[in-house]
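Here the protein sequences line up with chains L and B, keeping their order. Counting in this note's numbering, the first sequence tops out at residue 483, every number present. Counting in this note's numbering, the second sequence tops out at residue 80, every number present.
Check each hint, because a few of them may be wrong.
Covered by chain L, according to a simulated footprint, are these stretches of chain B (three or more residues, beta-carbon under 8 Å) [to be verified]:
| # | segment |
| --- | --- |
| 1 | 5 to 15 |
| 2 | 28 to 42 |
| 3 | 63 to 69 |
Think about it this way: if two alpha-carbon atoms lie no more than 20 Å apart in a straight line, the pair counts; the simulated DMTMM-like pairs of lysine to aspartate or glutamate are [said to hold, decoys possible]:
| # | chain 1 | residue 1 | chain 2 | residue 2 |
| --- | --- | --- | --- | --- |
| 4 | B | K35 | B | E66 |
| 5 | L | K73 | B | E25 |
| 6 | B | K35 | L | D293 |
| 7 | L | K356 | L | D74 |
| 8 | B | K35 | L | D29 |
| 9 | L | K477 | B | E59 |
| 10 | L | K209 | B | D37 |
| 11 | B | K49 | L | D29 |
| 12 | L | K176 | B | D37 |
| 13 | L | K175 | B | E25 |
| 14 | L | K285 | B | E18 |
| 15 | B | K64 | L | D476 |
| 16 | B | K49 | L | D74 |
| 17 | L | K73 | B | E59 |
| 18 | L | K175 | B | E73 |
It is worth saying that the hints were derived from the structure and are not from the lab. Only a predicted model underlies this, so the values are computations on that prediction, with no experimental measurement involved. Even for Gly, the Cβ is constructed at its ideal location relative to N, Cα and C.
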Amino acid sequence: MVTNDATLLRVKHDVLYEVAKAAWDGQLDEKKEEIPYRLIPGPQAQFRCCIYKEREIIRQRVKLAVGQCPSGKDSSNVVQVINAACEECPIASYIVTDNCRKCMGKACQNSCHFGAITMGENRAHIDPNKCKECGMCANACPYNAIAHLERPCKKACPVDAITYDEYGICVIDEKKCIQCGMCIHSCPFGAIGSKTFIVDVINLIRAGKRVVAMIAPAVEGQFGPDITMASWRTALKKIGFADMIEVALGGDMTAASEAEEWAEAYKEGKKMTTSCCPAFVNMIKQHFPMLLDNMSTTVSPMCGVSRMIKAEDPETVTVFIGPCIAKKSETMDLNIQGNADYALTLGEARAMLRAKGVELEPEENTLQNGSVFGKRFGNGGGVTAAVLQCLKEQGENADINVMKCNGAAECKKALLLLKAGKLPADFVEGMACVGGCVGGPSKHKTEQEAKKARDLLIGQADKREVHENLGNYPMDKFSMHRH
Amino acid sequence: MRVTICIGSACHLKGSREVISQMQELVAQNGLAAKVDLNGAFCSGNCVKEGVCVTVDGELYSVKPEETKGFFEKEILGRM
Numbered sequence: 001m002v003t004n005d006a007t008l009l010r011v012k013h014d015v016l017y018e019v020a021k022a023a024w025d026g027q028l029d030e031k032k033e034e035i036p037y038r039l040i041p042g043p044q045a046q047f048r049c050c051i052y053k054e055r056e057i058i059r060q061r062v063k064l065a066v067g068q069c070p071s072g073k074d075s076s077n078v079v080q081v082i083n084a085a086c087e088e089c090p091i092a093s094y095i096v097t098d099n100c101r102k103c104m105g106k107a108c109q110n111s112c113h114f115g116a117i118t119m120g121e122n123r124a125h126i127d128p129n130k131c132k133e134c135g136m137c138a139n140a141c142p143y144n145a146i147a148h149l150e151r152p153c154k155k156a157c158p159v160d161a162i163t164y165d166e167y168g169i170c171v172i173d174e175k176k177c178i179q180c181g182m183c184i185h186s187c188p189f190g191a192i193g194s195k196t197f198i199v200d201v202i203n204l205i206r207a208g209k210r211v212v213a214m215i216a217p218a219v220e221g222q223f224g225p226d227i228t229m230a231s232w233r234t235a236l237k238k239i240g241f242a243d244m245i246e247v248a249l250g251g252d253m254t255a256a257s258e259a260e261e262w263a264e265a266y267k268e269g270k271k272m273t274t275s276c277c278p279a280f281v282n283m284i285k286q287h288f289p290m291l292l293d294n295m296s297t298t299v300s301p302m303c304g305v306s307r308m309i310k311a312e313d314p315e316t317v318t319v320f321i322g323p324c325i326a327k328k329s330e331t332m333d334l335n336i337q338g339n340a341d342y343a344l345t346l347g348e349a350r351a352m353l354r355a356k357g358v359e360l361e362p363e364e365n366t367l368q369n370g371s372v373f374g375k376r377f378g379n380g381g382g383v384t385a386a387v388l389q390c391l392k393e394q395g396e397n398a399d400i401n402v403m404k405c406n407g408a409a410e411c412k413k414a415l416l417l418l419k420a421g422k423l424p425a426d427f428v429e430g431m432a433c434v435g436g437c438v439g440g441p442s443k444h445k446t447e448q449e450a451k452k453a454r455d456l457l458i459g460q461a462d463k464r465e466v467h468e469n470l471g472n473y474p475m476d477k478f479s480m481h482r483h
Numbered sequence: 001m002r003v004t005i006c007i008g009s010a011c012h013l014k015g016s017r018e019v020i021s022q023m024q025e026l027v028a029q030n031g032l033a034a035k036v037d038l039n040g041a042f043c044s045g046n047c048v049k050e051g052v053c054v055t056v057d058g059e060l061y062s063v064k065p066e067e068t069k070g071f072f073e074k075e076i077l078g079r080m
């Protein structure tokens, strides 16, 4: 991923690689304890105060990689704090810096409504007990001498789920956390991560189970113009997956089903939201439960494809691969039947490949399971475009007003409006990541970096329509609704 | 009521998917969708037990696929 430096990514990937390798060799239990020593050989510490702390952090990362909580506590949250790695960033949010000239004007003092600012020996001082964090002083200072310090994790969280304990260590409020994963890559110390299913997937492949991979539409273009969906299928088959299907096909399934729902709701004058983004669904469930009735009952593209695979062979294990963290929580919601058994991030899938000595190789762009509309599901506005296309294909009215929410903050705003009965639009497209799934927390390249390759690859796809494409699949063998 | 069923690979091989689909059916048949919340759980390290790891409001049980119906009647319906 992109926001933080390569060192952090290398450490995270090394842990996943070592765990995957030991699991492929069937020696995880024996080798697990050796990983911290192999990755941190010493005697000099590289990143932290000492090698013992560095090794403890690796130990906690290994726990996450095998699907356990790093601190040993019992918690079902997918997103977890790696306590040992949390650097207890300052919590006081406004501080006076060296830029302060203790000027005569004292705009800071004059602008503060709470009497929190006094003059110290060299510079102004903000009393944290009086400061209400309004930011007036920072705006007022003509020297930009007042800095706003906010923990990056806390700043990144769209639902205010990040708190801290009495020692200043980050704590996630699991009742609020929607598993979007925004905090994970925001932390410059890599102190937040997510539990992974890599060991489970490897064990089931090794046990001879039929395991099928389902690749998210957002993945197309992430690894340059030469790495196609066919490249992914070839690589995944080399490490023991039985097959691979594009979840873009599921995008077509979800769009067709939602189009039917929307057409009906529109006639009844009922406002509705999408239900394909798992973090958006979690946001509704946990923060706006009164709006559950407005949420589409259509299952996600991932679930649609999984149900199709399981309708043919219920014993098949289905594994989603994409840039998403929240998908992991969707697989754990067992109130939905037939959903994917496991979800992996791109980094986790690549660690599994590399641990077997397999890389993604350029291959001709011949594999296409979804229409272009399904493929664009992973872009902001893509769901709406696909649903409108379906309405047109069915001769329904496609002149409807959709509020396309780009990122969790916009989602929250739309849901607040819907709750208050003031939503101007007829429908809400909820995407918790900015840019849609292509902006997911575990992306390999940013939306902009990948755009050219993505447009090129999707441009090579044929122009089949959504219903025309679904005509090739056994849509009568499974339901596209939650219950 | 919060029910968790282990979805780790060891429990998978002991039939967790069978336990899950039976539970889903039983919850639906008894009209308990609003009362029983079925969740997956990562491996809790209790793999030595013969059955699949299931918890009901935090209490751990070991359930084999063929025992699912009886378990549901006793531990889930029984607590309603």
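Status of the hints after comparison with the structure:
1. Counting residues of the segment 5 to 15 of chain B whose beta-carbon sits less than 8 Å from any beta-carbon of chain L gives 7, enough to reach three: the coverage restraint holds.
2. Coverage of a stretch by a chain is defined here by at least three residues with a beta carbon nearer than 8 Å to that chain's beta carbons; for the segment 28 to 42 of chain B and chain L the count is 8, and the condition holds.
3. Here the segment 63 to 69 of chain B counts 0 residues with a CB under 8 Å from a CB of chain L, which misses the bar of 3, and the coverage is violated.
4. For a cut-off of 20 Å, the pair hint linking K35(B) to E66(B) is broken: about 24 Å separates their Cα positions.
5. This hinted pair does not check out: K73(L) and E25(B) have alpha carbons roughly 32 Å apart, beyond 20 Å.
6. Of the supplied pair hints, the one linking K35(B) and D293(L) holds, its CA atoms being roughly 17 Å apart against a limit of 20 Å.
7. At most 20 Å may separate the alpha-carbon atoms for a hinted pair to count; K356(L) and D74(L) exceed this at roughly 32 Å.
8. A C-alpha spacing of about 39 Å is found between K35(B) and D29(L), which places the hinted pair above 20 Å, so the restraint is violated.
9. Using a Cα cut-off of 20 Å, the hinted pair K477(L) and E59(B) is violated, with the two alpha carbons roughly 37 Å apart.
10. Distance hint between K209(L) and D37(B) is unfulfilled; the C-alpha atoms sit about 28 Å from each other, more than 20 Å.
11. The straight-line distance between the Cα atoms of K49(B) and D29(L) is roughly 18 Å, inside the 20 Å bound, and the hint therefore holds.
12. For the suggested pair K176(L) and D37(B), the alpha carbons sit about 17 Å apart, so the restraint of at most 20 Å is met.
13. Taking the CA atoms of K175(L) and E25(B), the gap is near 28 Å; set against the 20 Å cutoff, the hint is violated.
14. At roughly 27 Å between alpha-carbon atoms, K285(L) and E18(B) are farther apart than 20 Å, so this suggested pair is violated.
15. For the hint pairing K64(B) with D476(L), the CA-to-CA distance comes to about 32 Å; that exceeds 20 Å, so the pair is violated.
16. At roughly 19 Å between alpha-carbon atoms, K49(B) and D74(L) fall within 20 Å of each other, so this suggested pair holds.
17. A C-alpha spacing of about 16 Å is found between K73(L) and E59(B), which places the hinted pair at or below 20 Å, so the restraint holds.
18. A hinted pair counts as satisfied when its Cα atoms are at most 20 Å apart, and K175(L) with E73(B) does not qualify at roughly 30 Å.
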